[in-house]
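These two chains come separately, so use the hints to put the complex back together.
Chains as they are written, first to last, in the numbering used here: chain A, 407 to 710; chain B, 67 to 296.
Accuracy of the hints is not assured; some may be wrong.
With the C-beta cut set under 8 Å, the calculated list includes, among others, these residues of chain A facing chain B [unchecked claim]:
hint, residue
1, Phe439
2, Ile693
3, Val695
4, Phe696
5, Trp698
If you're looking for bench data, these hints aren't it; they were derived computationally from the structure.
The structure presented is a predicted model; accordingly, all values stated were derived computationally and were not measured.
Ideal placement from N, C-alpha and C gives every residue a C-beta, glycine not left out.
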Amino acid sequence: MIGFFKEIKANRYLYTLAIPGILFLIIFAYVPFIGHLLAFEDFKLSTGLLHSRFVGFDNFKFFFGGRDWITVTKNTLFLNALFLGIGLSFALLLAVFINEMRNVPLKKLSQSFIFLPYFISWQVIAIMIYAILNSSTGLISQVLQAAGLKPINWYGRPELWPAVLTFANIFKYAGYNSIIFLATIVGISEELFESARIDGASRLQQVLHVTLPLLRPIFIIMLLMGIGRIFYGDFGMIYGIVADNGVLFPTTDVIDTYSYRALRQVGNLSMSSAVVLYQSVMGLVTIVVFNWVVRKVEPDVRLF
Amino acid sequence: MRKRHDRSLNESLFSALIYIVVMLFALVCLFPFYLIVVNSIVDNKVLNQEGYQLYVKKFSSDSYKYLFEGSQAYTSYKVTLFVTAVGSLLATAITSMYAFVLSHRKVRYRHILAFFTYVPMVVGTGLVGFYLLVAQWLHLKDTIWALIFPYLLNPFLVFVLVNFFRALPYELYESASIDGANDIYVFFRIILPISIPGVATVILFYALTYWNDWWLAILFINHDYLHPSR
Numbered sequence: 407m408i409g410f411f412k413e414i415k416a417n418r419y420l421y422t423l424a425i426p427g428i429l430f431l432i433i434f435a436y437v438p439f440i441g442h443l444l445a446f447e448d449f450k451l452s453t454g455l456l457h458s459r460f461v462g463f464d465n466f467k468f469f470f471g472g473r474d475w476i477t478v479t480k481n482t483l484f485l486n487a488l489f490l491g492i493g494l495s496f497a498l499l500l501a502v503f504i505n506e507m508r509n510v511p512l513k514k515l516s517q518s519f520i521f522l523p524y525f526i527s528w529q530v531i532a533i534m535i536y537a538i539l540n541s542s543t544g545l546i547s548q549v550l551q552a553a554g555l556k557p558i559n560w561y562g563r564p565e566l567w568p569a570v571l572t573f574a575n576i577f578k579y580a581g582y583n584s585i586i587f588l589a590t591i592v593g594i595s596e597e598l599f600e601s602a603r604i605d606g607a608s609r610l611q612q613v614l615h616v617t618l619p620l621l622r623p624i625f626i627i628m629l630l631m632g633i634g635r636i637f638y639g640d641f642g643m644i645y646g647i648v649a650d651n652g653v654l655f656p657t658t659d660v661i662d663t664y665s666y667r668a669l670r671q672v673g674n675l676s677m678s679s680a681v682v683l684y685q686s687v688m689g690l691v692t693i694v695v696f697n698w699v700v701r702k703v704e705p706d707v708r709l710f
Numbered sequence: 067m068r069k070r071h072d073r074s075l076n077e078s079l080f081s082a083l084i085y086i087v088v089m090l091f092a093l094v095c096l097f098p099f100y101l102i103v104v105n106s107i108v109d110n111k112v113l114n115q116e117g118y119q120l121y122v123k124k125f126s127s128d129s130y131k132y133l134f135e136g137s138q139a140y141t142s143y144k145v146t147l148f149v150t151a152v153g154s155l156l157a158t159a160i161t162s163m164y165a166f167v168l169s170h171r172k173v174r175y176r177h178i179l180a181f182f183t184y185v186p187m188v189v190g191t192g193l194v195g196f197y198l199l200v201a202q203w204l205h206l207k208d209t210i211w212a213l214i215f216p217y218l219l220n221p222f223l224v225f226v227l228v229n230f231f232r233a234l235p236y237e238l239y240e241s242a243s244i245d246g247a248n249d250i251y252v253f254f255r256i257i258l259p260i261s262i263p264g265v266a267t268v269i270l271f272y273a274l275t276y277w278n279d280w281w282l283a284i285l286f287i288n289h290d291y292l293h294p295s296r
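If we strip away everything but chain B, and leave its shape as in the complex, we get (with noise of 0.2 Å):
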């Protein structure tokens, strides 16, 4: 009787810690924007002046009327709004099936293709060459994918995924084989539908890496009307 007395004390010992842990960390985060909010309406003289604020002095809605007045701001939502679905969606199609094969017991050299993928995450390539390459080389230069084919696939989000693909039970691929399938229909219809956990965090990470670009737009864009948001 005493020992389990004990062990649901423990339990919500332990619940208690986990709420405040997680909660106090969420709530950290959430100061910063705060201060963004708050900054974004404060009258702009008085942010010249003082700096940042911590709280509403002088309330003032001018940098929201700058924003949604004129053309500029819809048509760029517009191209970023593109960019985000298409790229994302693709990378994540490359991404995935690149990852599986990286994955698959069957494939011999996937340990070299691994040490192929991940050598560029290391070695840096400088900004003289990749400039080189889009602007001059591949003639992207001012067209819309000059600001999708660059990040069609990370390195790192290649890893996470075979990392997900090889927790999968292998039977599944050998069952599927045995029935005749091949290797293209079983990742179609049996890995991907069962991996959408990781897959779904691919494609969130992928969407925030071309929602938050404006590094491909200053090298590459000169057009305003193909500008992004950023």
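The following block holds chain A by itself, in its conformation from the complex (with noise of 0.2 Å):
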């Protein structure tokens, strides 16, 4: 305790700079967990939070009762380790490929184009994607029929929405994820490329060897941050895309289409806040695991 005091005294201005902060997230990110009461009540508007009768693990069956819980879980798993490894690593080769452009103008064009797709909503993309792929007017069905070859039918094969769902991904995400990791390339000293340049690395080189290596701090907290929120689907882009179309549940469906769907008619709010209890202390089982590996093996670029 004695430590304590005199570590915050020691460091009373750093200190002073993180209250605002600090005060921040107790109130606006701890102070609600109050909320997660609900999974183990039966929720009355008229009695509030604090008076409803406790009725235990009661919420918890709807969602653990059958089997599904164990497809959802696994697609959740599935879809995310997708976006996540393919994903992020697209919007890396993104971020040092505009770094290498050399035509100004081109680059500085490119670098807000990429962007733009963050602002366009899951509706629109999902009529774009019903666009390209549907199986009469598509754009793919097109080009395979007048090369003389059967359309696919997307819509009826399951299997291939993985594919679909990383593509729309990327599409969404990568231009935003791109852009923080340019702004750790342009924070690189400059002085690092032209040492690399006099002892004669080629452009290649110098990304194999100074900027990719320098952005792998960055790399790994944005897979940890990701990794934290694994059990969690992105429910506007599954319910945009695949909405109720029930031929593609069993590798689309995640937690929280599930229990969305089966929640609509009942409208219990003590039965979803049981599923995001479930999704929240999963999430935070994985990422202390994986925060504990990222330690032993690389000490300096832990998340906390």
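Below, the structure is given as structure tokens:
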């Protein structure tokens, strides 16, 4: 305890800087945790959060009762792993490539363009996907037919959809993520590149031996942050694109869409709280494990 | 001589590959915008009957007339502009100060603080607790602060900045501290000015968050005059 006060006193200016942030987190991020009480209550608006009847784990039964929760958990993990692995790698590649462009107007232009899809809603993206994939008038079907091949029935083949969704995810978020990598590249001191050039490194070698190693920490951080949310499906995306097309559920139904459908008629806030609690606890366990692994392998870039 | 030739050939191949990949992706990204512009000027009847269009069959400017007639559009944009400007500046200030502390090697509890920051990203709070907090405990309902406060610190952006500050040479702090400057002074006068690329990115992301928000407005605002543009 004495050590605690000593530390605070020694770095009092630094801790002062952190006060607004700490206050914000306590008020806006930790106080609302009280809402998790809902998961164990028979919640009624009339009695409110603090005085509703306590029912233990009853609210979890609807989710864990059947066998579907295994499928949707598996889908959520698999899709998020694809998005994280392929999506982040592509964003990294894009940032490195853009940084290597020597034609400044073209560079600026592409930099703004790749950021645009972030503003497009999933509904619009869903329409684009339909325009490209549908089996009668879709772009791909027409090309295949012109070449004398049989069109692919995308909307009847669930096994193809992890790939489609990964493309959609890259389309929407790659530009957004690459901005973060670009900011880090811009922060790299020019001297490092210069000394590499003096040593005779080609541009490809500069990328491989200067840029990429220096992007490693931020890449790992972004990965860790994604892993913490790996139990949360992208509801807006899946519901926007797949909607209620049951044929595709075996590979595309995620925890969030499943519980949304299950609860749409019932409208029970307590049950949806139970699912969020499940996702939170699992996510927390996962991230603590992964952070521990990173700490062993690479002590400098751990998240916490 | 031969080797040199190979080398320049490799360099131009590398360049060509870069330009092709980036420009192709940029074009793909532009396509939906074309789609939106086209559909905002297509006649509403055609839109209702045939769904989204790939090109303009029948021109109409009705949607824009609707948008600019009536005073709601102007009031709404004023609210959005205010929230975006004030919100993103406040948020960036709080976030960068906080991130600086988390990145500083001198701070013994920085890992505990980082964990404390990270947990809210993973643990969803659910809507009910959040609503009760803002509306009933803080009494922010129907005030402009309900649109600003909830986004003041994004843990994700904190970690982006922490990573940025960590990459700065530590001697910078040391030399300044030896000269007798306190940490707050070092932060504002030395660290912040040389961190422009990172901080600018964070401002941009916060501005986007505030500009695009419609969720907080739906939850907390009932008066028309406070409604932002979305």
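Outcome of the hint check:
Nearest Cβ of chain B to the Cβ of A/Phe439: about 6 Å, under the 8 Å cut. The hint holds. Because the beta carbon of A/Ile693 sits about 6 Å from the nearest beta carbon in chain B, less than 8 Å, this interface hint is met. A least Cβ separation of about 12 Å between A/Val695 and chain B goes past the 8 Å threshold, and the interface hint is therefore violated. With 8 Å as the threshold, the beta carbon of A/Phe696 stays out of range of chain B, its nearest partner Cβ sitting at about 11 Å, so the hint is violated.
Taking 8 Å as the C-beta cut-off, the interface hint given for A/Trp698 is violated, the closest approach to chain B being about 12 Å.
Checked against the numbered hints above, the structure breaks hints 3, 4, 5 and satisfies the rest.
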